[in-house]
Each structure stands twice: as structure tokens, then as C-alpha cells.
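J.: Okay, here's what each chain looks like letter by letter:
There are 2 protein chains.
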Amino acid sequence: MFCWLSRLYLGFSTPTGRITHLIRSSLSRTLVLTSQRRIPEFSSFVARTNTCGELRSSHVGQEVTLCGWIQYRRQNIFLVLRDFHGLVQVVIPQEESTASVRKILCEAPVESVVQVSGTVISRPPGQENPKMPTGEIEIKVKTAELLNSCKKLPFEIKDFVKKTEALRLQYRYLDLRSFQMQYNLRLRSQMVMKMREYLCNLHGFVDIETPTLFKRTPGGAKEFVIPSREPGKFYCLPQSPQQFKQLLMVGGLDRYFQVARCYRDEGSRPDRQPEFTQIDIEMSFVDQTGIRSLIEGLLQYSWPIDKDPVVVPFPSLTFAEALASYGTDKPDTRFGMKIIDISDLFRNTEVGFLQDALSKPQGAVKAIRVSEGTKYLKRKDIDSIRKFAADHFNQCSALGKLRLECADLLEARGLVLRDPALFSFLWVVDFPLFLPKEENPGELESAHHPFTAPHPSDLQLLYTEPEKVRSQHYDLVLNGSEIGGGSIRIHDAELQRYVLATLLKEDVNLLSHLLQALDFGAPPHGGIALGLDRLICLVTGAPSIRDVIAFPKSFRGHDLMSNAPDSLPPEELKPYHIQVSWPADSEAEKSSLNQPSHPES
Amino acid sequence: MFCWLSRLYLGFSTPTGRITHLIRSSLSRTLVLTSQRRIPEFSSFVARTNTCGELRSSHVGQEVTLCGWIQYRRQNIFLVLRDFHGLVQVVIPQEESTASVRKILCEAPVESVVQVSGTVISRPPGQENPKMPTGEIEIKVKTAELLNSCKKLPFEIKDFVKKTEALRLQYRYLDLRSFQMQYNLRLRSQMVMKMREYLCNLHGFVDIETPTLFKRTPGGAKEFVIPSREPGKFYCLPQSPQQFKQLLMVGGLDRYFQVARCYRDEGSRPDRQPEFTQIDIEMSFVDQTGIRSLIEGLLQYSWPIDKDPVVVPFPSLTFAEALASYGTDKPDTRFGMKIIDISDLFRNTEVGFLQDALSKPQGAVKAIRVSEGTKYLKRKDIDSIRKFAADHFNQCSALGKLRLECADLLEARGLVLRDPALFSFLWVVDFPLFLPKEENPGELESAHHPFTAPHPSDLQLLYTEPEKVRSQHYDLVLNGSEIGGGSIRIHDAELQRYVLATLLKEDVNLLSHLLQALDFGAPPHGGIALGLDRLICLVTGAPSIRDVIAFPKSFRGHDLMSNAPDSLPPEELKPYHIQVSWPADSEAEKSSLNQPSHPES
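Here the protein sequences come in this chain order: W and C. Position 19 of the first sequence, counting from 1, maps to 19 under my numbering, and the rest follow consecutively. Position 317 of the second sequence, counting from 1, maps to 317 under my numbering, and the rest follow consecutively.
Be a bit skeptical, because a hint or two may be false.
Any copy will do: because identical chains look the same in the list, a pair fits if it lies in one copy or spans two.
Unchecked claim - Pairs of lysine to aspartate or glutamate residues, derived as EDC-like cross-links and limited to a Cα-Cα distance of at most 16 Å, are as follows:
1. K142 with D356
2. K222 with E572
3. K142 with D430
4. K222 with E571
5. K505 with E467
6. K103 with D507
7. K103 with D492
8. K152 with D519
9. K307 with D458
10. K307 with D419
11. K378 with D391
By construction, these hints were calculated from the structure, which means they are not laboratory data.
Bound conformation, chain W alone (with noise of 0.2 Å):
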């Protein structure tokens, strides 16, 4: 059951980067060494000698101490102990001499913390317990010790992750006991690290901590404010630490990194959270083949040992193609069921409606072939996918949703389309640099952000056709979800006026420090931004983000454990020069103010 945790440690002691591959060939005793050293110490500094998790066979004889909680207890003879790294057997004295030691084991309450002292023993033929990685032990206790006894627990610890996940938000500290919050939460933390090995230690990239009490950037309507002492000044928190980024190459540091803490205020959106983390990635001198490289050997060499290695170079698709054979700009690639243009076969066809389509400016037809399809789908599978087209009607994306409709009704049928094993990661390049408005099409918007620099083959067009200008942006999807996304950035100054004054409308004295960086010897330089969260949401396999964040809020960005946010008596307000607006039809609410609220459910 606990085994996960030594592959887990062990796995990321291997290397398997490209660049440590060749290492490895020449120099294997050394990359054996080495690892071993990788192999924690779990028990420095602290009571126990060792977890329970690690002891086997070869403990046998040894005198142990350990720390634990109390998983279960048989008949007052066993006691299961469990800490992060395992269960392991402990035999309860029946002795009359050891009557104390029987009195703490069998007498505290389940999880209840205890310490043990006592002999790693063999269990007797035909007690061991294959299941079990401590199965062929048991500890002999000689002293135990009540560390902190445990009241009732308004549930059973096991049965927890099939509660609701209002209850797990509510008493997170239990739910992070579970096996899998331990195992995302390491592997996050070990994936992490190995990335900071790879950028830091290989690469000589400059982890540097950037501000979040920033101010409003230009269209930064999701930032959360925060006043100040001066009344009628407030900071803001960054979406991203774009702008700082970019000023560290013109500063030349020219290979930055950061994990960094982001913010974004989306009000109530499922699978979201205002605070989130990304890699944040900036370099000097670099162009979309050179960041493409870099995140490919980041993924690479960071993988869990314990999934199928990450194979190099991800393939790439144009925006343009992403739309045409997938229907979206982030194709789930795992399977095919392409979008496959079949106009030209009904160019002189008397169909009405397709006619109808055909007639009109880009008008097509297009089809997706469900192989398979009549051996799976059933006559109400057709019937959704047909009540799912006409929903989606006149929507671009309406192929490519249908698409994933399809793969999702032949997987309830029993074919498995996406194998839950594979990684398909595939860069997605060359989209448009300016979108519509979507409030007054006559504008232009940036399709991702101001900064993005043009496609060297369409600069020209800037000043003539913008709406056409592709940009340097890319982003890298990961089975059908967007993990990363970053661009070259524009790095001559007049070239960056133009955009956001003449092109974008936007007032360029918010940005006024940006410019005149750029006019004092900007380098070119380009970077990325991978949502850690969604990654390693991906890489565990967990349904949600929230399963990979230690406290994660409510989809209503609550924090249902110490109930954040809250009110805050008026006077506490004071020396920010803020007072609440009150909205006109909840006078009511003021009067629960200090009141604890409850926790939604």
C-alpha cells in the first residue's frame, strides 16, 4: 500500500535528462553514488530511528524507535502504527510486567499519537502479509509512550475521501492523512525541486522573488486591491510577474526563474483559485526554438520515474491547424477522430442545408469519422451527439466539442480512447497577435498580452492588415489542456509605443517605466509560464487542483477550514481610509458583523 513513497524518492534520484543520459553512459558507478545519496534521511533530528514505512526483513534484530498514529487495532493484540511513509505491525505486550505499555496501546482512542520503542521481529510462518510492504515484521515493544490522544473524530479517516468535499475542505488537516494527499503533495514537492535542479544547478538560471504588492496594470480588471496608508492608494497583487520579469533582462539577468505566487479574482469559477503558481521562465537572447528546447529538457528531466518517460521534441501545430483538425487551440492529441474538411465532395450536391453553408463566405463542411462508432454507440449516444450539435449551434468550437463528446460516449461505452497513462504534450504555435473586441469589433485587443512580439514575416502588416499579424507566442498543451503558454517579447521601445498607443488605445503612462527600460539597452528575450497546478493535477491524475494544493479554497473562494475571508470590525478599516459599501439591499448583513458565518455545504 506505502511503497509509492520509496519509488517515489528513489525515481527522482535517476536522472533522465538528455544531458545527464550521456553522463550516465560513461560514468554509471558515480550516478549510483549519487542517488544514493538522494535517498532522504527521514529520521535526522528527531525522536524515532526510523519511519514505520521502511522497515522489511533486513531490520529484523534491530531495536527501534517510532512515532506514529494509530491506524487500527485487532482484539487488543495488534496495533497498526502509521506515519507519511507506511504501516507497520506492533505487537501489544501480554505480559503482566509490561501492564502499563498494554494500558497506552490498547486504551488510546484510534488515531491517537504514540511512540514505541521495541525489536523488529519476524512475523511467524504463515502470519506474513504479502500486501503489505512491512508485512514480513512486526516490532516487540518494550516502552510506549501517549503522545496526544485523539477525540472522536466525526468520521472514520478511511472512508474520508468519500465524503463530501466540503467536509475534507473543512477539516483539511485530516484529509491531508489520506495516501493520496501525501502522494500528491510529495511528488509536487519533488517535481519542483527537480525543476530547480535543472534550471538552477544545469543551467545557471537565477531564482529571484519578485514584488505582489504591485500596481494596476493596463485591462487588469481581475486584480485584487489592497489599500494602503495613504488614502485612496492601493497596491495591487500581479496576475504575473510579467513586468518584473522582462525589467530583470534589461537589469541582465539574463536567465531568470521563479516559482511563482499568482493572483487572479475570477469571482466564482469552478477548478479555479484566486492564488495559483506558476514556473515562471525569462531569458535573454533567445528565440521560440531555444524556450521550446529548454521546457522540453524541463519535463523531461523532471518526471516521475514512476510514469512513462517524456519523450523529445512535443510535436507543434499552427493555431490555424489546431482549429481545423481539432476544433480548439488546445487539442487533446491522445487519440485521432480528426476534424477532416469534406466540402469538395458536395460542391454540386442538392442537400438544402449544405447548399445553404457552402454559399456563404468560408462556408464548409466538415466531418469526424467515429471509427468504431457503429460497434459502440448506441441509437441514444446518436441522439445526445445530435441534441449536443444543435446546443452548440453557430459556435466555432462547436466541432472540436463534439469531438470530446464522442470520445467521451464511446469511453462510457467501453473503448478506451485515452489511455490514462500517456502524455501528450504538443506546443501550439503562431496564433493571431490581435483578436476583435469582443464589446466593439472595431478594435483590437491583444490576443494574449501587449508585450507579445509580431511574427518576423508580418511585421509589415502591423502598420497595413494587424488583424492579421501572428504573433510569437506559444503555448504547450498537455492532453487537452493548456499547461504553459509564454512568447517573445517586444523589445525595442518605439516598436512597443506603437502597439499599445496607436494600435491597442491603451494609456501608456501606466506602463511609462517599461518603455524607458526598453529605450536603455534592452536585450531580445522571450520566456514561458507553466501553471504548476494544473500539472501536477495532471501528472497525479487528481480530479482537481484542489487535490494537489495543501489549502486549497471553495470554488467560491472560501476557506471553509478558518473560514477566510471574513468581517473586520469598521475601526480595523481606519487606518486604510476605506469604509464597506454596503449594498442597499442587505442593511441586515451589518448586523452580523462578528458573527461567525457558517461554512457552505
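Once you have looked at the hints, place chain C on chain W.
T.: Below, chain C without anything else, positioned relative to chain W:
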């Protein structure tokens, strides 16, 4: 000039910890190879083949491509190119056939960014520059490209550090190009990376990110507030992850660390930052000795090789001893001049003011022996000491301050008391658990925080004379600055309730989640936090913590580069249900809304 970088990276690749020391003796070949792997490839993925600073005689004959900034030009014959790694001399070709290359290299303003390709050649005999690490070679250029031209700078880069700090902060991206800022930020990155290796790879700690959108903690008057979209509900930015790290221990993640961003709103205070970083650590099943050994090993392992090695274990003093001998709880132990109690010499004195002092409860006569004082101190120094003493009359810490004042005076006269190469670590332990409240001395407040465990020997005093209870808090002091602090925590829910409700009279409802967590099988645990900014400041010898932070705030909390905090139009506050309460006498300020304000000078 720039050989610091190689020293930095080579330095960090050599293990210094005790554990690796053992390995080193038996496996020297392995470690040499491991170290070699640890010198990063600074030119992977980019246009350059080499850095400017790395070229030596051994590169002679190689074709190289370099990217960098024009440092200066001599008579249109030589050009010195700079990157983060160092300087290199480029020979501007004089032949007619290379007119275009010559034009680029002769016309580009200083601090422009160029890319050059050419051959590494030896300098002609007699023209080597032994003061320059690359002084034996120069680059014979074949092609050159102007990557970005630099506008006329408001000042010269090399004199930049002599400018006011406000100017440095306003043009931070230029300041970052300086040798000193590059060194400070790269050393910080390397030292933190080594800390991560020690914690994560050697000792099995898990790097876990905790939320920064939290709620007000009891007594958290210095916490920034963030309005949410729910009327009257606010998040707070935490001063430390204290509650979360304790909850992680309850969750069985028994070795946690985080390089944690923390926030404290103290208004304007010199050498403080509203956001700062701490190395945050928590362990289960540990005692004070364990935490101390862990931290001693951590600092030894991560210490830069170009400094004297850290000697462990660190000495320790009790709080009472520190006060008695040094007049402060963070003594600078690089020099002696301890405070000595000479009351006994004066028991029978007839000198009035001494009689008077000794007759008071706990009255004492104390002295500092300023050895060589007669040799170094002048008449006016004695006068200034006398004035200093008078100014600080009746302050408990007067003698401690006087000791430092004497040291300053002695050093001003040429005596070296505090060796700048000496790093003198000290643990201070056995602090009082409670202090009388300043505003109401009849009540108690926590000397550190309410989760600190009482000293086991003083447990009973908690119920009789709580003001006499010592705590299990420990501070780490370096050269007279507190660089860390921590404690063994209370893990018993009843004890925690008693401390909070009965002794501190806090509203326990605000901490109900933590109290409940202690009830459900909390292990004994403790931890520490090291102030990273201060530590790096002391290691680098920087005059201010602003010199070890990429983008610090001014002492008034302003970002002088981007002008944060800034005004916001009222409609952007609307979703957060707040409005500005303009102070009565500053109605005029409202009219300045949206006007860019002038940076402080």
C-alpha cells in the same frame, strides 16, 4: 573584477556539510565528478556560444558568438563587451572590407546591446591585462549585429552606486546591471538552492505552499487587508504561515519547509519591507536540540565557499544571561566588553548616587571594561559617551546600547573590534513566555506568539505565577542581528485553550479550527523561521536589505520605479464594496486622483 561568478558557482558545488564530509573522505572521485556536473551551462538554448566573462587563453582559436552590453570604447579600436559573467575586449576591425561591422561597433552608444561573432586570439605580448580575468585574450570580430540601441542615459552606469538611493530605485533595471547587485542576487539564489538541497534531498522535507489569502489572526494588527467580492468580508495577507505549518503537522506532513513570502504593514520604517521572505520550517516529534542541529547543518551546508566556514554547534545563552552580559537579547558576540556587575564593590560606598541605586529593589552597579579605551578614546569621545548615557537614562537596554556605542567609537578611532569576515552565530533560549501588556501591565501578552510551548520545568507555574514561566522559544542571532526565531509549540488542545482564553483573554472562536485540529491527534512539533533578506544582507555585507531584493519598496512603502501604490478610479472599487474615506483635511487630494504623483526623493 568579475571572477566572483566562477567562485560563486564553483564554490556552491563543493559540499561543506557534515554528512557530505563523511562521503567526501571515502568517495572523493565521485564528488569531483558531481561537482563538475554542477557548473551550469550558461549558454545553452541561446544565440551565444560563450559568456563574455568565461574566455581564457585556453579558448584561443575558438570561433565564438557573444552577446552583451557595450561597456566602453577606446579610440574606435577596442570595445569592451559586458555580460553578467564579466568583461571581454573586442578588437574593432579596421579593414575597408569590414566597414559595416566597424560602423555598428563604432556608432552604437554605450550600454547598447550587440551580438558579435569572431575568433578568440591572444593579446599581443605586453598588452595583457592581469587585472582582468579575460585579460590574456581578445576577440577578432567577423560579424556584428546591433540588437538594441541605448538612448542617452541620465547618468553613467559605473558611477551609478554613488547616486542617491531614490535614483537607483527609480531606475532599478539599470542598477541591477551593477557588479554588486548581480553578485547579491546570484548569491541569494545559490544559497537558497543549497538550503533546498539540504532540506529536501538530504533530510526528506516537503516543500509545501501555503495560502497568502487568509483571515485576520488574533492581534494581527499589522496585516494588510484585501476586500473580497462579498460585502464586508476581507482576506488578510499573513505575517507568517504559522497556523498552516502547524496544521500540516496535524496532517502528518511531518517535515515541512517553504521559502515563504510574508507581509507586515508597519507603515514607514527604515530597513523594513512590507513583503519579506522567510525560510519557514516545521517538524514533528522534535525537540529544541533537534531544531538547533538542523539549522546549524543547514547554514553550514549552504554557506558560500568564499566566506570562512561555519563552525557548529553554535554557542547559546539564556535570555537572562544575554541581558546580564550584553544588555540585549541579540548580542553581538564578535567582541567582548561584557557588562559586569560590580555592586559588591560598592556595598559600603559613601558615594550618594551609588548608595541610592543600590538601595532600590534589584538596584545594581554595572560596568563595561573598554580595554585599550585610554589608548584610543579621546576627550570628546568620553563626552559623547556621557551624553549617550544621559540620553538613555532609565532605559533597561542602556548598557547594551552603550556597549555598541563604545564599539562604534573605538572603531572610528581605528581599532578593529568587529572583523567583517567573522560570522558569530548565537542561540538565545529560555525567553519568558509572557510579558506584561504595555498599555495595561496587569494583563499578560505572549512574548512571541500564543502557540509557544512553556518550558517543561515551569509547567506548574502556568497555573500559579504565569509571568514567571519560561518558554521553549529560541532565537538565532548573527553578529548582533536576529536572523531567526522559533519554538516548540503547544500540541495539547486543553493547554492551548487555557493559554488563549484564561491567560491571554483572546477570542478563541477565531482559532477554533486550530484548537479542533489539536484535539484530533496533533503530534508534538516545533519549528523555526529564518529571515532570508536579513541573512543574505549580513552574508553579502550589503548596507541594507534593499540591496539583496530585486525590486524593494522605499522606506515609505513605495515602488519608485512603477509608482505603486497608485490611485484607482472609484468604479474599480465597486466590485469590492468599498469606498475611500477621504480625511477631512485632504479633500484637495481627491482632485489629484489619477494624476501621477512624484516619486519621493
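J.: Taking the hints in turn, state whether each one holds.
T.: Verification of the supplied hints:
1. K142 with D356: neither (87 Å within a copy, 63 Å between copies)
2. K222 with E572: So K222 and E572 pass the 16 Å test across copies only (10 Å; inside, 25 Å).
3. K142 with D430: Answer is neither: 69 Å inside a copy and 34 Å across each miss the 16 Å cutoff.
4. K222 with E571: This pair counts as between: shortest inter-copy Cα distance 13 Å, intra-copy 27 Å.
5. K505 with E467: For K505 and E467, only the intra-copy Cα distance (15 Å) is at most 16 Å; the inter-copy one is 65 Å.
6. K103 with D507: neither (75 Å within a copy, 37 Å between copies)
7. K103 with D492: neither (77 Å within a copy, 21 Å between copies)
8. K152 with D519: Close across copies (9 Å), not inside one copy (66 Å); limit 16 Å.
9. K307 with D458: neither (41 Å within a copy, 53 Å between copies)
10. K307 with D419: Classified as within: same-chain Cα gap 12 Å, cross-chain 53 Å, threshold 16 Å.
11. K378 with D391: Neither. Shortest intra-copy (20 Å) and inter-copy (92 Å) distances fail the 16 Å Cα cut-off.
The structure fails to meet hints 1, 3, 6, 7, 9 and 11 from the earlier list, while all remaining hints are met.
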